[in-house]
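Asks: Chains as they are written, first to last, in the working numbering: chain A, 140 to 301; chain B, 865 to 965.
Note that these hints are calculated values from the structure, not bench results.
Just to be clear, a hint being listed does not mean it is correct.
[To be verified] Each pair of labels, with its calculated beta carbon distance range:
hint: 1; chain 1: B; residue 1: Q888; chain 2: A; residue 2: K153; range: 22 to 32 Å
hint: 2; chain 1: A; residue 1: G210; chain 2: B; residue 2: T891; range: 48 to 58 Å
hint: 3; chain 1: A; residue 1: A243; chain 2: B; residue 2: K922; range: 40 to 50 Å
hint: 4; chain 1: A; residue 1: E259; chain 2: B; residue 2: D956; range: 26 to 36 Å
hint: 5; chain 1: B; residue 1: S901; chain 2: A; residue 2: R253; range: 47 to 57 Å
[Unchecked claim] Covered stretches of chain B, going by a simulated chain A footprint (3 or more residues, C-beta under 8 Å):
hint: 6; segment: 875-881
hint: 7; segment: 935-948
hint: 8; segment: 953-964
Quick reminder that beta carbons are idealized off the backbone N, C-alpha and C, glycines included.
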Amino acid sequence: MSNTVISKDLANKKLRVTRTFAAPLEKVWKAWTVSDLLDKWWAPKPWKAVTKTMDFREGGLWLYYMLGPNGEQFWSRVDITIVDSPNSFSATCVFCDENGTPNADTPPMHWFNRFKADGENTIVDVTLSFNTEEGMQKIIAMGFEGGFSMGLDNLEELLAAG
Amino acid sequence: MRRDIFQAIADPTRRAILSLLALQAMTPNALAQHFDSTRQAVSKHIKILTECEVVKQKQSGREIYYHANLQKMKEIDIWLDQFRKQWEDRFDQLDDVLKDL
Numbered sequence: 140m141s142n143t144v145i146s147k148d149l150a151n152k153k154l155r156v157t158r159t160f161a162a163p164l165e166k167v168w169k170a171w172t173v174s175d176l177l178d179k180w181w182a183p184k185p186w187k188a189v190t191k192t193m194d195f196r197e198g199g200l201w202l203y204y205m206l207g208p209n210g211e212q213f214w215s216r217v218d219i220t221i222v223d224s225p226n227s228f229s230a231t232c233v234f235c236d237e238n239g240t241p242n243a244d245t246p247p248m249h250w251f252n253r254f255k256a257d258g259e260n261t262i263v264d265v266t267l268s269f270n271t272e273e274g275m276q277k278i279i280a281m282g283f284e285g286g287f288s289m290g291l292d293n294l295e296e297l298l299a300a301g
Numbered sequence: 865m866r867r868d869i870f871q872a873i874a875d876p877t878r879r880a881i882l883s884l885l886a887l888q889a890m891t892p893n894a895l896a897q898h899f900d901s902t903r904q905a906v907s908k909h910i911k912i913l914t915e916c917e918v919v920k921q922k923q924s925g926r927e928i929y930y931h932a933n934l935q936k937m938k939e940i941d942i943w944l945d946q947f948r949k950q951w952e953d954r955f956d957q958l959d960d961v962l963k964d965l
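Same shape as in the complex, but just chain B (with noise of 0.2 Å):
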């Protein structure tokens, strides 16, 4: 399975965990507590995210905490700028169209 960005963010629970993870690390219980969902269900969605790189993982004393990767949240602006350049080329051939209309 493709493990990458927009994997990371296809899933709205995971969009959620990823909002909560931008304004701050959490531990896995105190991630859980903000769903309705199973914690192994949010376990999942995790592992997911981790194996997209979108979140890291650290060990606090006892505690693991999660971490935003906001680095690799920005691939999708990168990839907006490649759609945006596609459509400006072809915008840009159709201005020279429309000149000649």
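Looking at chain A on its own, in the form it has when it is part of the complex (with noise of 0.2 Å):
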């Protein structure tokens, strides 16, 4: 419903998204932890998120791929810290091979996801920060997720173009 608000904080390594769902909490919640659910919605069109394994509790596992159109795979493990149901969590993510396995030349990227019931709406409050500057570079210069999104080149592409 209301716009995506991003904001940067790059000096300190951190960006934030928030936006608010015409939903309530519960659902939200839900959505977001349940990976039928974030199957569903997680990778942006054309892509799809593909979930290997779910176990959401702290210290669990999420492993699931990005699969494109044209039949690439991004396998990306999330493993949660804290979680704090309904209202918030902490993850770390890093992408990895179809086993879990670390890549280890990909820096972690750690989200702090709040959710707030505001009336029948729910605030969704996604802060994710990195370890090093160089670890926050890297992964803009990847467009975040590893080449589903638009990564530096296609960024050159837009400005050449443009």
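Need the complex rebuilt from these two chains, each delivered in its own frame; the hints are there to steer you.
Replies: Shown next as structure tokens:
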């Protein structure tokens, strides 16, 4: 419903995304924590998110891949670190192979996702943070999710065209 | 090594240099006076900023002046727009999921 708000704090290695949804808190929480539901919305079209395993609890793991229109697969593992149901959860995301073995070259991205009831609506507030400046820069350069979104190469094309 | 706007702003000293140059063009000496680091260290950052095309050098008489290339810095905003769009697409899909729940 409301527009997505992005705030950048590049100096502190943080990006924040907030948005209001026309649904009660428990439904929004469910959509963020149940893999069948996540698979329906997590990947921006034309990509699809496909969950291999989901164990949503502190110390649990969500292992999934992004499936591209040409059959590309980008695997990610999301290690869930803190759960305060249904108010917030924290997790660390890295790229990996299909067995969940992390790709040593990709810097971790941390999520702090907060959910707050606002009347009939729910406010979702996502903070993405990085350990190092280099890490953030690398993730930014990769277009955040390993190629399914727009990377810098595309950006250069865009700028050249624009 | 990659040379782009993200490389340029990845370092706190380089961000400070860009903040100063965004206000006014400066000579190497004037710029170096703002930093505790050695003149060589500042020059090294300037070299990277120049290679990233966010800083340009202009000769004025006997002095060289560094200028911020603000156009180049807009790339960050363009990238952020893409980032926003990605999340908007994602959230529009979440809206649909929530309707069916």
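Asks: Does each hint fit the structure? Answer for all of them.
Replies: These are the hints, each one checked on the structure:
1. B:Q888 with A:K153: 22 to 32 Å: holds, 29 Å
2. A:G210 with B:T891: 48 to 58 Å: Check passed, 56 Å falls within 48 to 58 Å.
3. A:A243 with B:K922: 40 to 50 Å: holds, 44 Å
4. A:E259 with B:D956: 26 to 36 Å: violated, 19 Å
5. B:S901 with A:R253: 47 to 57 Å: violated, 39 Å
6. 875-881: holds (count 3)
7. 935-948: holds (count 8)
8. 953-964: Holds: 10 residues of the segment 953-964 of chain B have a Cβ under 8 Å from chain A.
The structure does not agree with the numbered hints 4, 5 stated previously, though it agrees with the rest.
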